[in-house]
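Engineer: For the record, the sequence lines run as chains A and B.
Residues -14 to 153 (the working numbering) make up the first sequence, in order.
Residues -14 to 153 (the working numbering) make up the second sequence, in order.
Be a bit skeptical, because a hint or two may be false.
Copies of the same chain look alike in the list, so a pair counts if it works inside one copy or between any two.
[As the list claims (entries may be wrong)] Cross-link-like lysine-lysine pairs, in silico, BS3-like; alpha carbons within 30 Å at most: (1) Lys7 x Lys111; (2) Lys111 x Lys78; (3) Lys25 x Lys98; (4) Lys7 x Lys71; (5) Lys98 x Lys7; (6) Lys71 x Lys111; (7) Lys98 x Lys111; (8) Lys71 x Lys98.
Please keep in mind that the hints were generated in silico from the structure rather than gathered at the bench.
Residues per chain are reported as follows:
Protein chains: 2
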Amino acid sequence: MSLLDIISTTTHALSQNPNAAKATFHADHALVGVTEVLVKVGSGHQFTVDEPAALGGQNLGANPVEYALAALGSCQAITYRIWATKLGIQLDKVEVSIDGDIDLRGFFGVDEKVRPGFGAIRVSVKLSGNESQARYAELSDAVNAHCPVLDLFANQVPIEHHLTFNAA
Amino acid sequence: MSLLDIISTTTHALSQNPNAAKATFHADHALVGVTEVLVKVGSGHQFTVDEPAALGGQNLGANPVEYALAALGSCQAITYRIWATKLGIQLDKVEVSIDGDIDLRGFFGVDEKVRPGFGAIRVSVKLSGNESQARYAELSDAVNAHCPVLDLFANQVPIEHHLTFNAA
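This is chain A alone, in the form it adopts within the complex (with noise of 0.2 Å):
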C-alpha cells in the first residue's frame, strides 16, 4: 500500500468512527545510575538518556532536553511527509535544524523566577523540490497547524502526576 493510500484509508476510517482515533502512548523510565537513564518505549525501541559530565553524568546519551529537539524536529520532518503526500505536493529532500534556548539557572533554583525549561526555540527547516514557492508556503502552513509536537511546545498540556513511595 502507498503512503497515499495508507493516509486515504486512516483519514476514511477515523472520520467515520472516532473512537478508532484515541490514542495512547507510552514510556518507562528507570534511573540506572547517577544521570544515566534507561528507557523502554510502547514501540518496543529502548535507548539511554544521559548528561554530559558537568551535570554529573557520563553523556551515555542525548540529554533530556536535547530529546525534547529531536522529538519537535522528527515531528516536523515526518509531519511534512506526510502532509505533502495528502496535499500532493513534491517533496525530495526535508532538513530541519533547531535551537533552544534554557538560562539554567531556572534548573539549578539559583532565581526562583527564571523559568526552568526552555525560553525560546528557533526552528529552520529546509525543503527541496519542484513545486513554487507558494505551493511550499501552503504546505508549511498545514504542517504547522498539525504537528503534534510542535502542539505539545507551543500550548499547554494537562498533566496528572501521581507519586508513591516505598521505604528502601
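Given the coordinates of chain A, work out where chain B should sit on it, guided by the hints.
Structural biologist: Chain B only, in chain A's frame:
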C-alpha cells in the same frame, strides 16, 4: 568531584555570573526514508526516529511523540537525582511511567477542532528510600518546580519559524 560538589559549584558560579547560565541546545534532522529521520544532537549522539507500518514507516526507532514522553520521563528522573542531592534526601530508586493521549483526528486533519498533540498526560513516579513521606513530598514539589521538560509540557514556549526552499 561528587555530584553534590558539582551542583554546589555550578549553583555558586551561576549566581555570581548569570550570563554563564545561558545555554543553547541544538539538534539536526534529515528525512532519510518514507518516515525515517536521522537525528544528530549537540552532545555528539545520533539516533533514528521512525513511525510504525500503520503510518508508512518501518518502525526503525521510537516515533516523535514517544521521544517527547521519553524527554519528560528522563528529565523527571534526573531532576529527582539532582534535587535529592541538593536537598540531602536519600533516594535509592526512581522509576517514571508516562502515558500520553492523542486523538489522531488532529494529525490527519479529520477535525480541525481537535488539537494534533497530547490532550492529556499522566506521570507516575515511584521512589524508594529511607526518608519520611513528607520529605519525598517536599522533593516532588521541588522537582516539579525545576524540571525543564515538565515546564515545556506545562507551558507555552515562544517559537520562531524559518523556511527556505531550493528548486530540485
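Engineer: A separate judgement is required for each hint: does it hold in the structure or not?
Structural biologist: Here's how the hints hold up against the structure:
1. Lys7 x Lys111: Classified as between; 27 Å across copies, 32 Å inside a copy.
2. Lys111 x Lys78: within (8 Å within a copy, 43 Å between copies)
3. Lys25 x Lys98: neither (34 Å within a copy, 32 Å between copies)
4. Lys7 x Lys71: Intra 21 Å, inter 41 Å, cutoff 30 Å: intra-copy only.
5. Lys98 x Lys7: Close across copies (15 Å), not inside one copy (37 Å); limit 30 Å.
6. Lys71 x Lys111: within (19 Å within a copy, 43 Å between copies)
7. Lys98 x Lys111: between (36 Å within a copy, 29 Å between copies)
8. Lys71 x Lys98: Answer is between: at 19 Å across copies they meet the 30 Å cutoff, but 44 Å inside does not.
In the structure shown, a violation is registered for the earlier hint numbered 3 alone.
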